[in-house]
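Got chain A; can you put chains B and C on it based on the hints?
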Amino acid sequence: MSEPILQIVDLRVYYHVEAGAVKAVDGVDLDLDPGVKLGLVGESGSGKSTMALALMRMIKEPGKIEGGQMILDGTDLMTLTTEQMRQARLSQLSMIPQGAMNSLHPLLRIEDQIIDGMRDHDPTLTQHELRERVGVLLEAVELNPRVRRMYPHELSGGMKQRAAMAIAISMHPQLIIADEPTSALDVVIQRQVMETLDRLQEELDLSIILIGHDMGLMAQFVDRLAVMYAGRLMELGNTRALFQEPLHPYTDLLIQSLPVLENKGVFTGIPGITPSLLDVPPGCVFNTRCPEATDVCREIVPAFRELQPGRWAACHLHGVVEA
Amino acid sequence: MRGFFRYVGRNPALGWGLGILALLLLFSYGGRILIDPADAYALATKPDLPPMLDREALAKIGEMTTFEDKLAQLRLGLRHIFGTDTQGKSLLASMVLGTGLTLQIGAIAGAIGIGIGTVLGFVSGYYAGTVFDNIVTSLVDVVLTMPGFLVLVLIASSLADPNQMTVLTMGLVVSVTAWAFPTRAIRSQVLSMRERPFVMMAKLSAMSGHEIILKELMPNLLPYLVMSLANSVYGGVMGSLGLQGLGIGDRRQPYLGMIIWWIQYYSAFLRGMWWWILEPVTVIVLLLTALILISFGLDEIANPRTRRTV
Amino acid sequence: MTPLLELKDVTKVFGKKKAYTVALDHMSIGVPEDFPYIITIAGESGSGKTTMGMLLLGFYTPSSGQVLYRGKNIHELTGQEMFSFRQDVQAVFQDPFAVYNPFYKVDNLLSIPIKNFGLASSKRQSRELMERALNGVGLRPEETLGRYPHQLSGGQRQRIAVARALLLKPKLLIADEPVSMVDASLRATLLKALRSLNQDFGIPIIYITHDLTTAYHVSDYIVILYHGSVMEAGEVDPIIRNPKHPYTQILVGSIPWPDPNRPWGDTGVAFPKSVAFDESAPGCKFAPRCPFVFEPCTAKRPPLFQLDDGRAASCYLYQSDETVVRENLMDLFPRKEEAEAAAD
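So the protein lines, in turn, are chains A, B and C.
Numbered according to this note's numbering, the first sequence terminates at residue 323, and the numbering increases by one at each position without gaps.
Numbered according to this note's numbering, the second sequence terminates at residue 1310, and the numbering increases by one at each position without gaps.
Numbered according to this note's numbering, the third sequence terminates at residue 2344, and the numbering increases by one at each position without gaps.
Just chain A, with the same shape it has in the complex:
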């Protein structure tokens, strides 16, 4: 059993606004083993996108990482200086952001954008070496070599997303965070892009965190799945086991609300609405919508603990343990 490549310990990210503190991420513990694809699924307001930014230490005012550790390959990212973190980005961990259309520079050719990042991290590379690397990268993400001289606006959505992938893998990082990389793409292109990402992961032995809200995509792509709700983790486990036998009521309801081919015409939703992160309910954060909530759920915050080997959940139904 190798050491985890990433260990997140009690991460807290709060946004300080006039009305108070929005607890976007409130005590998240997570481990990721090397070469594993981990999914982080949550609805809007769950805090999952904040997690992505926090890992890259790209949280901007009025947000702030209040506490916790993010240990990547033995080094706590929180202890790095700004300059060290800048070096770490792209070479140790990189991000494929949501909507690459907005992350690519509109006035630079694709080739130049890829080179830009590489040159910044390794000034020793010659122009020739850089150009050669670009060719290899474009082939890896299955983009036509012609694309290198093109501008972002000349590319389709799927192609732009692949260009963003090329940039993300250009310095062979150990960890890639993909934040809803396919949400703006059609279902057929989505499949192609995800299959490309899958192949890259295998070839380069990457660890991937896929963040999104599409449980279907998670079921198809990730090995392990973490379910997030209102800034906390509800459940974490092997994808197959989680779908087959969810340990947390939220996970269960979530899976049930998804349409599948079998039960046509059966609609189950989750009643109620997500609480505001400014005013989180006491006790278990899901208690207001949980069909199995008991008194203890309304008072005591459940600990996120390992209930079975590799399966974690924060729920008093498996025994009352305070966080």
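Hints are computed from structural coordinates only; laboratory data are not their basis.
Where a beta carbon is used, it is the ideal one built from N, C-alpha and C, also for glycine.
Heads up, none of these hints are tricks.
Listed next, the in silico SDA-like pairs over lysine to any residue satisfying Cα-Cα at most 25 Å (straight line): (1) A:LYS64 - A:TYR15; (2) B:LYS1203 - C:LYS2115; (3) B:LYS1203 - B:VAL1119; (4) B:LYS1203 - C:SER2121; (5) C:LYS2171 - C:GLN2080; (6) C:LYS2171 - B:SER1208; (7) B:LYS1203 - C:TYR2148; (8) B:LYS1215 - C:ASP2107; (9) B:LYS1203 - C:MET2054; (10) C:LYS2192 - A:ARG289; (11) C:LYS2115 - B:PRO1197; (12) B:LYS1215 - C:HIS2150; (13) C:LYS2115 - B:GLU1211; (14) B:LYS1215 - C:GLU2081; (15) C:LYS2171 - A:GLY265; (16) B:LYS1203 - C:LEU2068; (17) C:LYS2244 - A:GLY265; (18) C:LYS2105 - A:LEU278; (19) B:LYS1203 - C:MET2181; (20) B:LYS1215 - C:PHE2083; (21) C:LYS2300 - C:ASP2025; (22) A:LYS60 - B:ARG1010; (23) C:LYS2169 - B:PRO1197; (24) C:LYS2105 - B:SER1208; (25) B:LYS1215 - C:MET2054; (26) B:LYS1203 - C:GLU2177; (27) A:LYS264 - C:GLN2094; (28) C:LYS2016 - B:THR1130; (29) C:LYS2072 - B:TYR1127; (30) C:LYS2169 - A:VAL266; (31) C:LYS2105 - A:SER44; (32) C:LYS2017 - A:GLU154.
Ranges of calculated distance between the beta carbons of each label pair, as one might list FRET restraints: (33) A:PRO271 - C:GLU2128: 22 to 32 Å; (34) A:GLY265 - B:GLU1195: 30 to 40 Å; (35) C:ASN2073 - B:LEU1139: 31 to 41 Å; (36) B:TYR1007 - C:GLU2033: 48 to 58 Å.
Showing chains B and C alone in chain A's frame:
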């Protein structure tokens, strides 16, 4: 109301702009107490005096009994505080009245510009592609490509007797070109807003065209309209200053721009009459700066994307 | 019987001489008044599905062909007829924020049509109607009425938009991606509300989406569009479970089912790479990407062939003598009573 001040606090451009404008308004309207309007006209007092206080006159205030007399004495004392020009006008009086006149002209031009601009802009934008719209857009294009100021000069100088030009007339002349840009700007805003789903919803709810313009589009464009108003006023002021600076208009009146005319006429530079030059220029710069700042500040409201804080 | 709303050989082209796109290509479809079904118009972006919705609502004008409301061209209606049209045909749109005018409270979305269509005779009655509609979508009036759009969540806003449709009880509802911008857990609730509108009140719904899973659950019939043309059409169940047209097969095969035991590539169809689309090319629109392409495909556009199970596919693989006359796509969809009678 408190919310207004808080917002202004976070929008320095708007804050400063409104502040300076408020000061100028105070100066031109509040300042009237301190002057005798007759002093703004030729031969009111001794010419070519640099700024000074008439201490004798001020000293005599104590001797007066009635309020009117005290006030009159105060006015006498302050009469030369900005100096006088070659025609013997008290520059304090000139500036106080002149600033007011310029603001009035600006207001007229601004109101007409925005009035016409709003109506034409909304209607042509909402009914884009129709004959009406085509006429309006062509007209706007023509007016905007003309050298606006020259047109103003042409119009102004061909009036029966430029020396009889009233504030109203000057305002009207200047607004001939002031309406074009607001029309185009508002039209393009309406064109893009027209495609928004909430307008579609309004149509689905059987709202009529003019109902949609008035109730759905206009409230959303209010900040933009106010900004256009600021721009219109700015344009109007600039136009009028330009005309006056060329001596077009009633030269006897204490228009700010006319003071510029007289400065040239009487070679104030060569004669070292620095006060005569400095004062109107300062007020003009302040006024234009205030208008620009207000426009900037309103732009931030009109375009929330440029806002720095939510 | 004149259909309530009809596209008669409608084509919509965007762009100019050299760079043009045919968004919708000779589409004929008419919804009769007594048609208590939900039809999905499915396709990816660029398929023409949204264009079709916009044309039906009268927000786009056709480049050729006509859009008819009770037999009359909707772009030539009198004031009274237009009012009647708006009363009969309503819509729910995709973006839960954009349908609200940020200047007004959310009540406006409901109160204005109530007033304009004369659905209530007093303010109190109007308020009652609104409250009932909100309850129908699982919202509490105290928490939603009187608020501004930015004070509510996306889910709440979209629920109100659906409540509006429930309230107005139109004769036809066009729902353009009503749940795609809403959380997964809320989708079921909204779709259920739409389904009940259809089943309890017999209101036909045209459901426009790219999401075949929700289409499967909520609709009875489906029309698959690709670059403005119909590829396959018929009952939704057989088409999704057993797609016949190569494009439908790829589409269904790309659905990420939330079931780890059912991986992608289930349908066993080779995966094509995307290729730039040539509008002027004759032949089937899908030919450049089709794994089964053969000779006739590139020569002439295939008509809609009728298959044994009642569906139609625009593909030479299913060539038969029974083509579907493109007078009305709806001829494919029999009334349920007829179908049941035929089955007896």
